[in-house]
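Trainee: Residues per chain, in single letters:
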Amino acid sequence: MTQSQTDLRNGPDANGLFGAFGGRYVAETLMPLILDLAREYEAAKIDPAFNEELAYFQRDYVGRPSPLYFAERLTEFCGGAKIYLKREELNHTGAHKINNCIGQILLARRMGKKRIIAETGAGMHGVATATVAARFGLQCVIYMGTTDIERQQANVFRMKLLGAEVIPVVAGTGTLKDAMNEALRDWVTNVDSTFYLIGTVAGPHPYPAMVRDFQAVIGKETRDQLQAQEGRLPDSLVACIGGGSNAMGLFHPFLDDTSVEIIGVEAAGHGIETGKHAASLNGGVPGVLHGNRTFLLQDEDGQIIDAHSISAGLDYPGIGPEHAWLHDIGRVQYTSVTDDEALDAFHKCCRLEGIIPALESAHALAEVFKRAPTLPKDHLMVVNLSGRGDKDMQTVMHHMETAKQEKH
Amino acid sequence: MSRLQTRFAQLKEQNRAALVTFVTAGDPGYDTSLAILKGLPAAGADVIELGMPFTDPMADGPAIQLANIRALEAKQNLLKTLQMVREFRQDNNDTPLVLMGYFNPIHKYGVPQFIADAKEAGVDGLIVVDMPPEHNGELCDPAQAAGIDFIRLTTPTTDDVRLPTVLNGSSGFVYYVSVAGVTGAGAATLEHVEEAVTRLRRHTDLPISIGFGIRTPEQAAAIARLADGVVVGSALIDHIANAKNDQQAIDGVLSLCAALSEGVRNARK
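Respectively, the protein sequence lines represent chains V and D. Under my numbering, residues 368 to 775 are what the first sequence spells out, in order. Under my numbering, residues 35 to 303 are what the second sequence spells out, in order.
Note that these hints are calculated values from the structure, not bench results. Some clues are possibly wrong.
Claimed, not checked - Here are the simulated EDC-like cross-link-like pairs (lysine to aspartate or glutamate), alpha carbons at most 20 angstroms apart as the crow flies:
(1) D:K114 - V:E667
(2) D:K109 - V:E420
(3) V:K737 - V:D711
(4) D:K303 - D:E228
(5) V:K480 - V:E420
(6) D:K153 - D:D128
(7) D:K109 - V:D666
(8) D:K114 - V:D666
(9) D:K109 - V:E667
(10) V:K774 - V:E708
(11) D:K114 - V:D668
(12) D:K109 - V:D668
What the hints assert, rightly or not - Which residues of chain D face chain V? A few of them, derived with a C-beta cut under 7 angstroms, are:
(13) N111
(14) H141
(15) V145
(16) R196
Heads up, the beta-carbon is just placed ideally off N, CA and C, and yes, glycines get one too.
My request is simple: use the sequences and hints to build the entire structure.
Mentor: Below, the structure is given as structure tokens:
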């Protein structure tokens with residue numbers, strides 16, 4: 368197999384741009400902080416002491432490396448590609464989110480910040496943030512939309528147990544975008560004391576690059592693990608995308624390996640044609656929100672449209688700017704699956720592998736069920752199982768009951 | 035000279051500060067909002083900031099967030115906001131008018147088209163909250179090339195090292211956000227404002243207007259003794275939020291404007 372090398376892993380440029388996407392579109396109050404953060408991160412990134420400490424916490428606190436598991440029954444069922452699951456759901460707190468939180472909390476401590484704020488959708492990033500804040504003895508405030516609080520009550524309770532204050536956000540539809548607005552408002556008000564721990568590869572530079580770097584441990588491990596198990600690179604990678612941090616973490620170390628086909632899966636909600644979805648790339652156009660230029664769900668007047676997905680973690684009208692760029696240049700293929708397809712994949716994964724996936728990750732699995740049967744048996748496919756489904760019990764139960772009633 | 039330059043020069047001769055008023059275009063509806071806009075100069079507004087509604091006003095507090103929601107529910111958009119400016123200009127050619135808001139609606143409208151339409155409508159300046167000098171090439175430079183001023187926000191976090199970057203490319207006036215926070219939040223102390231104005235003066239000859247947290251004629255007068263302009267927004271908008279009908283909204287905003295104006299006019303006497 369020939370591998371041509373490209374240079375897709377060097378972004379962003381000094382202004383935080385991936386092609387035409389990214390940047391630093393924030394209020395002036397925040398600019399000095401963001402510039403300061405970029406400087407601190409650049410220094411930390413090459414500091415051996417910082418990297419040693421990060422590696423220690425990844426290993427002994429998070430539980431890395433996460434296994435790369437050959438999903439035998441899933442593979443048999445699909446009857447095509449050989450499917451591996453990257454088991455990020457086995458991390459402490461149950462998702463990939465903690466990889467980034469550990470990195471950023473070490474940076475916050477290095478910068479002498481005493482108060483941590485974060486936004487959360489499904490609550491996984493909120494729980495991971497509350498967890499690391501507790502571990503390092505820092506005050507923690509989590510912004511969460513009221514709609515999300517309703518559908519993710521277990522995670523709200525977990526955050527409170529961990530000592531975080533959870534502030535309900537009523538504005539808009541009470542989902543992730545509104546929580547992010549409110550977190551930004553908190554940040555401009557408490558600039559001196561506060562570190563904003565953004566949970567995905569979005570926001571103003573340096574967040575998209577920094578969060579990606581902390582999540583890239585997923586792809587680096589995958590590379591080594593597959594080399595050990597199969598002696599070669601994967602043929603394809605599949606991951607779900609809301610803001611896109613688990614996907615970017617898996618994809619980034621493979622961007623220059625042109626033999627690797629890369630597939631990102633957006634949430635199509637009720638279907639892109641219905642307008643009730645969260646597929647920013649497949650159903651949006653470029654714009655500027657939350658500090659970066661990226662694809663957004665918006666109307667003809669440039670007003671932001673609320674996203675819809677059964678999965679709270681994908682319910683965001685934007686997407687990380689690096690994904691926007693990879694979409695633009697065609698390096699990554701972005702598809703979408705509906706709520707129903709994700710639910711179906713959720714049930715199949717439970718029964719076939721004894722793994723209850725997060726509804727977010729079930730979107731990636733739904734794409735696997737479409738794709739794997741059409742591929743040869745020597746095709747190696749890696750799927751990011753980004754989180755576990757314990758948090759989604761209520762949502763799934765509700766949908767099963769509704770489906771039952773509709774039948775009768 | 036631009037309308038902004040002329041107005042600030044006139045007021046300097048009169049030895050008084052400018053009253054700069056902010057309302058959101060289309061709040062609570064097009065006609066009422068236009069009536070307020072047309073009434074502001076006679077009620078003593080020297081410079082008008084007109085908000086361009088956006089679904090996600092990240093730097094605004096509750097009062098202006100709600101104003102945005104009311105305006106959007108009444109179907110306000112950028113086309114209509116520019117139309118309001120045109121109608122305002124039919125019987126006012128002196129009062130500088132500055133559009134204020136966020137970048138995305140302008141981005142969607144298309145920057146070159148927006149600048150051309152804004153100029154034609156009679157817009158004098160722009161304040162775009164999420165458009166720092168790092169992105170000057172996208173909006174600030176083409177706007178200024180077309181003769182529209184680009185007004186920068188400076189804040190307590192803009193230190194002496196950063197100030198030249200922010201002021202480079204600023205025109206019209208400099209807006210000093212006196213508290214680190216969202217609009218409508220608590221007011222800064224006079225000591226802080228005085229110190230900030232002194233610091234800004236070292237870096238710029240542009241008029242300096244102070245905003246955030248100024249609600250009463252007394253507060254406005256106190257700031258008017260220190261700076262070239264006093265910006266009031268949320269306090270005016272509260273009169274729209276609390277009005278029982280459109281006429282009450284118009285009367286409420288304009289009578290507060292008149293009281294603020296009196297405070298500003300008498301401040302240095």
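Trainee: Hint numbers the structure violates, sorted upward?
Mentor: 2, 15
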